[in-house]
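Trainee: What follows is each chain in one-letter form.
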Amino acid sequence: MKVQEIIRNGEVFRPFAGEVLRIGGSCEQPWAVCDTRKLTVEVAPGASGRLVLLHDSPVESEIRLIVGDGARISVTELFMAEAFVALGVEQAADSRCEITMAELTSANVDYRVAMNGRGAECALQGVFLATDQEHCAVSVRVEHNVPDCRSNSLVKGVAGGSARGEFRGLVYVAPDAQRTDAQQQSRNVQLSREARITTLPQLEIYADDVKCSHGATVGQMDADAILYMRQRGLSEVQARALQIEGFVGDVVRRCDIEPLREALVEAVGAKLERM
Amino acid sequence: MLSVKNLHASVEGKEILRGIDLEVKAGEVHAIMGPNGSGKSTLASVLAGNEKFTVTEGSATFCGQDLLSMSIEDRARLGLFLGFQYPVEIPGVTMANFMKLAVNEHRKFRGEEPLTAAEFLRLMREKSAIVELDAKLTSRAVNEGFSGGEKKKNEIFQMAMLDPKLAILDETDSGLDIDALRIVATGVTRLHTPENATVVITHYQRLLDYIVPDVVHVLYRGRIIYTGDKTLALKLEKEGYDWLINDYKD
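Protein sequences appear in the order of chains A and B. Going by the working numbering, the first sequence opens with residue 1, and the numbers climb by one from there. Going by the working numbering, the second sequence opens with residue 276, and the numbers climb by one from there.
None of these hints come from the bench; they were simulated from the model. A few of these clues could be false.
[To be verified] Simulated crosslink set (SDA-like; lysine to any residue; CA at most 20 Å straight-line):
{"hint": "1", "chain 1": "B", "residue 1": "K375", "chain 2": "A", "residue 2": "Q238"}
{"hint": "2", "chain 1": "B", "residue 1": "K411", "chain 2": "A", "residue 2": "D250"}
{"hint": "3", "chain 1": "B", "residue 1": "K375", "chain 2": "A", "residue 2": "T199"}
{"hint": "4", "chain 1": "B", "residue 1": "K375", "chain 2": "B", "residue 2": "E364"}
{"hint": "5", "chain 1": "A", "residue 1": "K271", "chain 2": "B", "residue 2": "N372"}
Because the structure is a prediction, the values reported are computed rather than measured.
Sequences and hints are given; from them, build the entire structure.
Mentor: Structure below.
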């Protein structure tokens with residue numbers, strides 16, 4: 001089944017512009033939010049939920065995600081059309097927010113995560129796949145405003161054809177946000193000479209007792225691995241696709257909504273075949 | 276099965292192979308020995324079709340077909356297997372997934388239907404036992420985090436899965452402890468039949484205690500300078516190469 005079908009067959013919430021989606025108690029049913037243009041999601045203290053954000057029309061969206069004390073929210077965000085999205089997350093104490101993102105076409109997403117309560121945790125993993133003339137941009141800003149919070153972001157990018165990929169990351173640690181644990185990684189593969197990926201990971205740290213790391217790589221396909229796979233009988237096209245699938249697969253497979261994960265892996269595979 | 280005549284090959288303009296002649300028949304085991312830098316690995320790579328090397332002269336036929344005009348993958352599908360000296364790690368690609376694709380590409384080439392999931396799993400179980408490969412490794416990424424011994428066992432496991440007509444094993448014994456060497460070598464021996472052939476490239480006689488060669492060649496400066504039977508390997512182990520290569524030094 002296609003990603004869109006799975007989402008539409010699920011329980012669908014169609015908010016009007018400016019409407020607030022409230023998640024109370026424990027809600028394991030995935031939600032597909034079709035109109036995200038001006039959406040606010042509030043997760044009540046102690047509540048938990050899963051959210052699917054599908055962008056399949058070229059619109060601009062502004063989404064606010066307010067995660068209450070001890071609440072847990074898991075977000076899967078998919079870009080199937082050239083959407084511009086700003087997603088702001090505000091996390092209260094001991095809350096946990098997990099975001100899995102895939103840009104399968106030109107798109108622009110701007111994450112801003114504010115850790116406002118002690119013990120908050122945020123894990124963000126994303127991939128972008130850009131080919132032909134596409135342009136994928138991902139920006140992640142994580143603000144550690146209080147002590148004892150953890151954040152981990154990993155964005156993997158693949159660009160082929162004459163596509164452009166762009167990653168901007170910033171970890172901000174406020175002066176008294178001691179014992180912050182923040183990690184940020186940007187890993188990229190360029191498939192052609194004309195493809196360009198730029199990555200800009202940054203740290204801005206004003207506290208002295210922190211554990212922060214960041215890193216960025218931009219590389220090519222591993223020619224030795226391609227040779228190895230071809231020696232075992234795979235065609236060059238298969239070997240390349242398998243290698244990129246291996247590169248982005250671990251991120252995509254973290255999507256925790258069962259039928260959607262398989263569809264997503266398939267959608268990624270289909271995209272890779274065209275790269 | 277394999278017939279190589281006057282094969283010359285170079286890399287970046289430097290000639291490495293300078294006229295190789297080699298005949299391998301079904302049922303035979305050949306060992307290729309020789310000092311470092313004599314061109315052993317290059318020969319294996321050129322036969323497998325590594326595009327880094329340019330064949331400048333000579334010919335090679337495999338199962339009656341012109342080997343040198345075929346792509347790497349078609350050589351593999353026709354039944355040529357290269358056991359890598361340094362097996363490559365492929366992060367994120369599981370052994371099972373990789374092997375399923377490989378086995379089914381071989382089957383497609385032969386006009387056979389792909390294996391069902393159950394048939395494939397049975398084949399994996401059966402073949403991993405040959406090299407005592409931990410079944411858990413097949414669900415891990417290809418060679419990633421494998422020990423040196425596991426990587427080499429994994430090469431022989433893949434050889435067992437693909438059931439090649441000709442296996443060229445490039446220093447499969449390097450970096451192995453005694454137990455791993457025994458397991459790898461007995462695995463190769465068990466896979467040997469009158470219908471297939473094996474070429475082992477090695478520095479050490481000890482591998483040949485398990486895999487007993489019919490023919491031993493000495494490669495030096497891109498040529499096979501001497502061919503003998505299995506006693507040649509013993510002599511080389513004792514006396515080194517000097518008595519052979521003195522005549523060929525500049």
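Trainee: For this structure, which hints from the list above don't hold up?
Mentor: 3
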